[in-house]
Amino acid sequence: MSTVWVCSWGAGALARGVEETLSFGRRLATAAGAELGLLVLGATPPGAAELAGRYGAATLDAVPDPKLAPGRPDALVEALAQACRARAPRALLFPQSVEVRLVAPRLAGRLGAAVVMNAIDATVEGGKLRVTAAAYGGDTHAVYEVVGDGPAILGVSTMALRAEPVATPGTPAVQELSLELSPVEERIRTVEPAKAEGPRLEDAAVIVAGGRGLGAREHFALVEQLAAALGGMAGASRPLVDEGWVDASRQVGLTGRITRPALYVAVGISGASQHMAGCAAAKTIVAINKDPDAAIFKHARYGIVGDCHEIVPELIRAARERRAELEKES
Amino acid sequence: MRIVVCVKEVLDPDAVNSFAVAGRLAIGDDGKSITQSAIPRLMNGFDEQALEAALRLRDAGASASIAVVSIGSDPSNILRHAWALGADQIAHVPADPATLDGHASAAILAAWIRSTGGADLVLCGRQASDDDQGVVPALIGERLGMPVVTIARAVSLVGSDTVRVTRVTPDGDEGVEVSLPAVVTVSNEIGTPRYPTAARKLQARRARPEVATTVAIGLAAAELAPRIHLVRQLVPSVHGRCELLDGGPAAAAKALVERLARDGAL
Chain A
1 MSTVWVCSWG
11 AGALARGVEE
21 TLSFGRRLAT
31 AAGAELGLLV
41 LGATPPGAAE
51 LAGRYGAATL
61 DAVPDPKLAP
71 GRPDALVEAL
81 AQACRARAPR
91 ALLFPQSVEV
101 RLVAPRLAGR
111 LGAAVVMNAI
121 DATVEGGKLR
131 VTAAAYGGDT
141 HAVYEVVGDG
151 PAILGVSTMA
161 LRAEPVATPG
171 TPAVQELSLE
181 LSPVEERIRT
191 VEPAKAEGPR
201 LEDAAVIVAG
211 GRGLGAREHF
221 ALVEQLAAAL
231 GGMAGASRPL
241 VDEGWVDASR
251 QVGLTGRITR
261 PALYVAVGIS
271 GASQHMAGCA
281 AAKTIVAINK
291 DPDAAIFKHA
301 RYGIVGDCHE
311 IVPELIRAAR
321 ERRAELEKES
Chain B
331 MRIVVCVKEV
341 LDPDAVNSFA
351 VAGRLAIGDD
361 GKSITQSAIP
371 RLMNGFDEQA
381 LEAALRLRDA
391 GASASIAVVS
401 IGSDPSNILR
411 HAWALGADQI
421 AHVPADPATL
431 DGHASAAILA
441 AWIRSTGGAD
451 LVLCGRQASD
461 DDQGVVPALI
471 GERLGMPVVT
481 IARAVSLVGS
491 DTVRVTRVTP
501 DGDEGVEVSL
511 PAVVTVSNEI
521 GTPRYPTAAR
531 KLQARRARPE
541 VATTVAIGLA
551 AAELAPRIHL
561 VRQLVPSVHG
571 RCELLDGGPA
581 AAAKALVERL
591 ARDGAL
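Protein chains in written order, with the numbering used here: chain A, 1 to 330; chain B, 331 to 596.
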């Protein structure tokens, strides 16, 4: 039986989005008459087998080589290529990340295999694999057909997907894959490691983001104040980053941070697809914009049409009052 | 040193987005292509930023020739733009974009680079704003046996054989070094690209891209066979259920906080 493999590596943990990717993989495996498996590169984090079973994986293959870790693309590509040659999976699924966007296509180049990034759906039609991927920042969806045999390599956009455990969790067969990685040397040398500067937008429960509608750099303070009043973080759309008003680490969108907060408040943001790609998975979206026809209102649960410079101060006041009340009660 | 910048002509993503927002983005009879003739074609923004990175290296004192190459039916406009900005060589490999996937595109670009004297540094945009796939730079790297460094906000040379790249990562900026030759992809964080001077822009009208056929650069038909092909493109519909709150800023703000509290979103 052929295998749909979900691949994961991380620093002491499974990759972010692995559960959503396993759910995606299970649907594809069912359509393809294949088995779902989890491939873990590097030390297997505790609980990995249980998690794999919860999402219907029949196997867990582990390659516990210390060379396999984030920031080691040469080793990761080589390991994946060897694993594919050994097992010939039907498809290889990656929860998409910045590193996956390098490793997955390099692996495809190494194997001469089909590759599709930004996948949101995959199925089998007439024996052929069909993959739907977001294009034009999400303005369109492109459906690709995979030609020929060999593994199809897919980067899965997990933010738009839901993790769906199976009704009856199973116990995957765990085995070690032994690969020869000793000759691999990383060609890229890190000379200045990324310094995680405080909390990340990706982890925030509440995000207040500002866009072009703020009108001037100094008005971004309103966004920061509202974020503070709601106990969240401030974000921005790409034009503000391009203008140099805010740091790139604040950029929400297709080429910035892909977030999934409980609450996303968009202030003066028109709602271009490229931006929505970074926040559409939010549980509740609130839009504040002076243009009633702005696309953001199509995505929002609540909207206020008007001048953000008048509305946001009132919102800060109302949010602070609400906080004060809660503190009084407790 | 020789720097090769790979550029792609795309539909203006802002115009595509405007049509989409207005609910007027339409797919043609082939079920695949956006057909609105009002949407201009231009150089992919990230590719223009890759060219900007090359020009900045030269500004910083690198003695570098800059070659700009594109695939497609007729990318002369974007190639002339590249020449106006300061490219020393502009080249076009004719091919029907509808038949190409990332593999075929990378095969063409790698073969062109190899057959025209190689490259010390290949610069590409991080992804094209049409299909957003971003796989071609990595595939070029694999074909040419070069390391690939992605999402640069700054590129500089260290000595004559090493490039230093500041990468934008989810955990903040990361500084990496890699020996040349290498492929580097450039992101919007590098900043706004320059404009050509009026004089150079005028001269660029007469600039003619070199044309190299896939046969001339040594590619067999099999190397151009795509592994994926586009069967359909569709415009997804967004179903809004937005409750608009009004009554003036203070009342709307109060109503919003009440609803968010009720929903458990606060």
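Take these hints with a grain of salt, some might be off.
[Claimed, not checked] As a list, the in silico BS3-like pairs of lysine-lysine whose alpha-carbon atoms are at most 30 Å apart: (1) B/K584 x A/K328; (2) A/K283 x B/K531; (3) A/K290 x B/K584; (4) A/K298 x A/K283; (5) A/K298 x A/K195; (6) A/K128 x A/K67.
To be clear, the hints were calculated from the coordinates, so they are not data collected in a lab.
Hint check results:
no.: 1; hint: B/K584 x A/K328; verdict: holds, 19 Å
no.: 2; hint: A/K283 x B/K531; verdict: violated, 49 Å
no.: 3; hint: A/K290 x B/K584; verdict: holds, 18 Å
no.: 4; hint: A/K298 x A/K283; verdict: holds, 14 Å
no.: 5; hint: A/K298 x A/K195; verdict: violated, 37 Å
no.: 6; hint: A/K128 x A/K67; verdict: violated, 36 Å
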